[in-house]
Amino acid sequence: MKEVTFTVDGKEITVPEGTLIIDACEENGIYIPRFCYHKHLFPSGNCRMCLVKIEKNPKPQPSCMTQVSDGMIVYTDTPEISEMRKAMLEFVLINHPLDCPICDKAGECMLQDQYMEFSGDKSRFNETKVAKEKLYHFSDKILYDAERCITCSRCVRFTEEVSKTNKLGILNRGDTSYVALAHGDTFDDPYSYCVTDICPVGALTSKKFRFKERVWYLHKTESICAGCSRGCNITIETKDNKIYRVRPRENEKVNQSWMCDFARDFYIDPMKNRTSGTQVDHKNVTYENVVGEVVSLLKEHGNEMTFVLSAYATNEELALAKQLIDSAEVKGIFTKPDRVWHEGSEEVKSDDILVKEDKTPNMTGIRKIFPAAKDLSEMIISDYKYAFVWGPNAAVDKLDGLQIISLSAMRDQVSDKAKWAIAGRFAAEKHGSFTNCDGIVQPFRRALKGENNYDELIFFVGILKGLGVEPVGRTVEEVRKAAE
Amino acid sequence: MESTFLGINTVHFWTYLFLAGVIFLFMFMMGAVMSWSERKQSAQLQDRLGANRAAIPLPFGKKLAVLGFINNLADALKCLVKENFKPQTENKVIYNLAIFFAFIPAVLSVAVVPFAGVIKPAELFQAWYLKWVPWLPEYFAANLPDFSFRLQVANLNVGLLFIFAVGGINVFGAILAGWSSNNKFSMMGGMRSAAQMISYEVSMGLALLGIIFIYQNVDIWNLVQGQSELAWGWLPKWGIFLQPLAFFLFLAAAVAENKRMPFDLPEAESEIIAGYFTEYSGFKMLLFMFAEFIEIVFVAIMVTTLFFGGYSVPWLMADGFHFPWGATLALSHASVVLLQVFSFISKVFFFCWLLQQIRWSLPRFRYDQLMHLGWKILLPLAILNLVITVIIVALGGF
Amino acid sequence: MSYQIPGLPDMEYMDRQKRTFLTQIYYREVARGVWITTKHFFRNMWKWMTFRKGGVVVQYPEETRPDMSPNNRGRHVLVQRSNGESRCVACQMCGTVCPAECITIEAEESKNSTIQRKPKVFDIDISRCIFCGFCVEACPVDAIRMLASTENLVGYNRFKMIYDKDTLLNWHPVVNDDVVHGYNP
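These protein sequences, in sequence, are chains A, B and C. Take 195 as the starting number for the first sequence in the working numbering and just add one per residue. Take 21 as the starting number for the second sequence in the working numbering and just add one per residue. Take 1216 as the starting number for the third sequence in the working numbering and just add one per residue.
Bear in mind the hints are in silico, worked out from the structure with no lab data behind them. Be a bit skeptical, because a hint or two may be false.
[To be verified] Derived pair list, reagent style DMTMM-like, types lysine to aspartate or glutamate, alpha-carbon separation capped at 25 Å:
| id | chain 1 | residue 1 | chain 2 | residue 2 |
| --- | --- | --- | --- | --- |
| 1 | A | K613 | A | D569 |
| 2 | C | K1254 | B | E58 |
| 3 | A | K436 | C | E1316 |
| 4 | A | K328 | C | E1366 |
| 5 | A | K335 | C | E1366 |
| 6 | A | K611 | A | E672 |
| 7 | A | K436 | C | D1338 |
| 8 | A | K280 | A | D264 |
| 9 | A | K406 | C | E1321 |
| 10 | A | K316 | C | E1316 |
| 11 | A | K436 | C | D1381 |
| 12 | A | K613 | A | E572 |
| 13 | A | K433 | C | E1366 |
| 14 | A | K402 | C | E1323 |
| 15 | A | K401 | A | D459 |
| 16 | A | K406 | C | D1282 |
| 17 | C | K1335 | A | D649 |
| 18 | B | K83 | C | E1366 |
| 19 | A | K414 | C | E1321 |
| 20 | A | K433 | C | D1379 |
| 21 | A | K328 | C | E1300 |
| 22 | A | K568 | A | E523 |
| 23 | C | K1326 | A | D334 |
[Said to hold, decoys possible] Here are a few chain C residues that sit away from chain B, every Cβ distance over 12 Å (derived from the structure):
| id | residue |
| --- | --- |
| 24 | N1286 |
| 25 | Q1295 |
| 26 | E1323 |
| 27 | I1345 |
| 28 | C1347 |
| 29 | L1362 |
| 30 | A1363 |
| 31 | L1368 |
| 32 | F1374 |
| 33 | M1376 |
| 34 | D1381 |
[To be verified] Derived list of chain A stretches under chain C, where covered just means 3 residues or more per stretch with a C-beta under 8 Å from a C-beta of chain C:
| id | region |
| --- | --- |
| 35 | 294 to 302 |
| 36 | 661 to 672 |
Glycine is no exception: its CB is placed at the ideal position from the N, C-alpha and C atoms.
Pulled out of the complex, with its shape left as it was, chain A reads as follows (with noise of 0.2 Å):
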């Protein structure tokens, strides 16, 4: 592609051609204030927050909608532009109502921010304000705060580009304008929630997160979404050990700036049917205990046992898995999806945006590392006496007649039939890295204590040393340099 060069106060910038001002600008570090403008959306134009000076033009120019060409002359913070940029503000801020108290916004609001960073003028603003709807139920989500709305057009532009629902629409004009829906409709839209993120002020939020905890006490963790293969990109945000929401991380090559309603609730739900401690014949034991009799169980009975993968295993951990699989030559090795599509349920079954039909994080992964495990379904069970079965949903059927020991973050009927049970950990709670559908590995951080359940990966370095190996690693961070 062309480059072009081009100068942003007084800094010589080369970029392909096409790219916009403002973008140029942010990859650079200069940042431009904006409101209506997204990197994920088409621009529009409309809040007029981003004008810059461009030489040879008379008056200042958007410069979320116009492109870069060789030789333009950009000023981002002349005094003219920061007067303007004051103006603009005090502008949007006639009819904003003094919400920041009560406004679940409040700490991570682009308007606070700009206003801080740009104005902090005092308002002259005698008048009444414009008075609008301040509870807009959009569905039982989304709820819309009129007052608050500067109508930058960002979650209307989202649902025309992105979700394609076309749900809302910007109606009446000037200070009256608001966004709605169609008469008698709601927003039933499956990525809904996205619009709450956009949002750059207080307007649309959600009713899961409503008045649950201020934003600025939130501890935001780094993770990568394991409601389905296509592995989105999360930040999880916890306070003492508890989810309160799960937002979509940047990623050009994956999820963009989205991610589906599915997946928020997910995070936070799922949590209610877990396994917990570690078990022999449905008695708690010590965790020293049963890695002690599953040691030994693999040292005498290895080959008459079968190894489950689980779909929810991280890289790291499959290739432990791989090293005890060898050592203890475990004759069958067969691998099972942890999570299936019901009919029914309110999840998307698969779309072109992002949800893909195979609702766990990491089969990827475990084609990579075993080429050679079938699925669940073709095993003949007379072939063996023991099963290792890793992470929920097995076929309890297929397994009948052998002794189970399951691995498993949730509880189900396996898990409850198992022989020797020790609780495993959800995505949250450990460290590691998942391959998505298209095969690009991404690391996450762990994000909650996970206090009653047991790390797989050192449950596996445990087993490893009973066997007499020296694992590979026994770290995330050194699993996956000795896997370079």
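Dock chains B and C against chain A, hints included.
For chains B and C alone, coordinates are given in the frame of chain A:
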């Protein structure tokens, strides 16, 4: 008549055992009083009220606080029931031994200090206010008419050296505690205390050499006897009059030996928590504190004995007052003994008070100031004092 | 006493006395210090012996100072609306700014749609509070104030020293203009 017990005269044995018990008890009581006055005196001089909250509830909503003495009881109780924390990596034997190294010398040194002059029991009980005592007057008059003893537990003729020797053990307490606790702060405290105590012991010893030269003695009994005499017929030959410089040097060095403010760097809490006894808790910590309080009393006793005539009262002879202007006031033997004991104890009390007052008035020295004072000021002055004293004594002064 | 910094003229501490040998051996200075404290000691002892109060301190829970400033930062109170509810909107500003982290707030939806947000839980741990008054300054709706009075801020049970919303609201039986007295930044 002369019965013996383990080769010792029975009467002597019981007398000195009784005396040792009394003085031991006296030191402990004084330790308790010092820990009380630490609170109350400091409060008074800082315009506060001091400890008064701990109290024994009485009926009708009254409370018995006894001027804050109950706080001491509460303290002792608290230290007894507290968790006896032990550092995991300590050297157990030395860790526990250190307390005794710190505590025992403080009590032991008092043994050679005379609390009053010679007591003749047979004569003592003749006083009208002691005649009510049953059995004893008759026993002494009938069986031991000539028996007399000194109010001093151990009659050592090297008393002053004994005090130095025993006092020197003290430093081991701090060093061993600091070392065996296996804690950086403890170690620092122990090292600081070692450096400080050894530095100041030098000046202290040199300051006292002047006293030894003047009275030509190291026996404490004889030192006090020497101080009871009069110079020019009217001035008591107290150490403070003959050795004023040595008194000030000794006072400073003794406070430093005691590790009290302004020389409390070994346990400077704002720098190294509690210094060498950081890792001691409960009653072990209390024993360290108690040893410190008893040491204050001991410093006061030393100052009294060496510079303020010990038990001696000016112009008081064995048979009563002989004032320099010729008047006399005859007193019974019991009155003289009681006056001597009272004189001794009131002097000790005064110096305890003074030491507390200094402790609560001054800020802590910087470490270089401490060393500067010890080596560059006290030591040269002590040597100067010694040289002058030796010259005067050699020329036959006093 | 002076010391040289390269490139600067000789500097001298203007307010520092010259240190002579007499000050260096400390005895005179120690005596001066002890003399001052001794004066105080005997003055207070004399007062005590004549049955008067020696120290200047106040025996707090039983006594209170009569000369307390009207701007004193004392007990926290929550200001009420006319219907007796708290004026607080649970915005967490006070909890965020609190250096002792002694304020716990949980928000809930209010039935009044113009208020929207109200506190479900509003606890101040008075045993942790350092009475800095930041919460009063931070409050955007003037819901939390501090009275000048410091009466009965003590307790034998630390759990009883956590003041909940009702305790903080029931602080003054009569609501009039007078209630604005107290710390008012």
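Now the hints, each set against the structure:
Between A:K613 and A:D569 the alpha-carbon distance is near 23 Å, which keeps this suggested pair within the 25 Å criterion. Using a Cα cut-off of 25 Å, the hinted pair C:K1254 and B:E58 holds, with the two alpha carbons roughly 18 Å apart. As the CA atoms of A:K436 and C:E1316 are separated by approximately 20 Å, the hinted pair is consistent with the 25 Å bound. Simply put, A:K328 and C:E1366 have alpha-carbon atoms about 43 Å apart, too far for the 25 Å limit, and the pair is violated.
Between A:K335 and C:E1366 the alpha-carbon distance is near 48 Å, which puts this suggested pair outside the 25 Å criterion. Note on A:K611 and A:E672: the hinted pairing is violated, with a Cα-Cα distance of about 35 Å set against a maximum of 25 Å. Of the pairs offered as hints, the one joining A:K436 and C:D1338 holds, with about 21 Å between alpha carbons and a cut-off of 25 Å not exceeded. Of the pairs offered as hints, the one joining A:K280 and A:D264 is violated, with about 30 Å between alpha carbons and a cut-off of 25 Å exceeded.
Only pairs whose Cα atoms come within 25 Å are accepted, and A:K406 paired with C:E1321 is accepted, the gap being roughly 8 Å. Our distance criterion of 25 Å between C-alpha atoms is broken by A:K316 and C:E1316, whose separation comes to about 31 Å. Between A:K436 and C:D1381 the CA atoms are separated by roughly 28 Å; this puts the pair beyond 25 Å, and the hint is violated. Note on A:K613 and A:E572: the hinted pairing holds, with a Cα-Cα distance of about 23 Å set against a maximum of 25 Å.
Between the alpha carbons of A:K433 and C:E1366 the distance comes to roughly 36 Å, so the proposed pair goes past 25 Å and is violated. Of the pairs offered as hints, the one joining A:K402 and C:E1323 holds, with about 12 Å between alpha carbons and a cut-off of 25 Å not exceeded. Distance hint between A:K401 and A:D459 is fulfilled; the C-alpha atoms sit about 12 Å from each other, no more than 25 Å. Between A:K406 and C:D1282, the direct Cα distance comes to roughly 44 Å. Violation of the 25 Å bound is thereby established for this hinted pair.
For a cut-off of 25 Å, the pair hint linking C:K1335 to A:D649 is broken: about 37 Å separates their Cα positions. Our distance criterion of 25 Å between C-alpha atoms is met by B:K83 and C:E1366, whose separation comes to about 22 Å. Note on A:K414 and C:E1321: the hinted pairing holds, with a Cα-Cα distance of about 20 Å set against a maximum of 25 Å. At roughly 22 Å between alpha-carbon atoms, A:K433 and C:D1379 fall within 25 Å of each other, so this suggested pair holds.
In summary, the hint linking A:K328 to C:E1300 is supported, as the alpha carbons are separated by about 22 Å, within the 25 Å threshold. With a CA separation close to 17 Å, the supplied pair A:K568 and A:E523 stays within the 25 Å bound. Between C:K1326 and A:D334, the direct Cα distance comes to roughly 18 Å. Compliance with the 25 Å bound is thereby established for this hinted pair. With a least beta-carbon separation of about 25 Å from chain B, C:N1286 lies farther than 12 Å from that chain, consistent with its non-interface assignment.
Every CB of chain B is more than 12 Å from the CB of C:Q1295 (nearest about 37 Å), matching its label as outside the interface. Against the 12 Å criterion, C:E1323 stays outside the reach of chain B, whose nearest CB is about 42 Å from its own CB. At roughly 21 Å, the least C-beta separation between C:I1345 and chain B is larger than 12 Å, which holds for a residue marked as non-interface. Every beta carbon of chain B lies more than 12 Å from that of C:C1347, the smallest distance being close to 24 Å; the non-interface claim holds.
Distance to chain B confirms C:L1362 as a non-interface residue, since its nearest Cβ pair spans about 26 Å, more than 12 Å. Listed as outside the interface, C:A1363 is consistent with that label: its C-beta sits roughly 24 Å from the nearest C-beta of chain B, beyond the 12 Å cut-off. Interface exclusion of C:L1368 from chain B stands, the closest Cβ pair being 16 Å apart, more than 12 Å. The beta carbon of C:F1374 sits about 21 Å from the closest Cβ of chain B, which is more than 12 Å, so the claim that it is off the interface holds.
The Cβ of C:M1376 lies farther than 12 Å from every Cβ of chain B, with a closest approach of about 18 Å, so its non-interface assignment holds. No beta-carbon of chain B comes within 12 Å of the beta-carbon of C:D1381; the shortest separation is about 31 Å. Evaluation of the coverage hint for the region 294 to 302 of chain A: fulfilled, as 4 residues show C-beta separations to chain C shorter than 8 Å, against a requirement of three. Taking a C-beta to C-beta cut-off of 8 Å, the region 661 to 672 of chain A contributes 0 residues in contact with chain C, too few for the three needed, and the coverage statement is violated.
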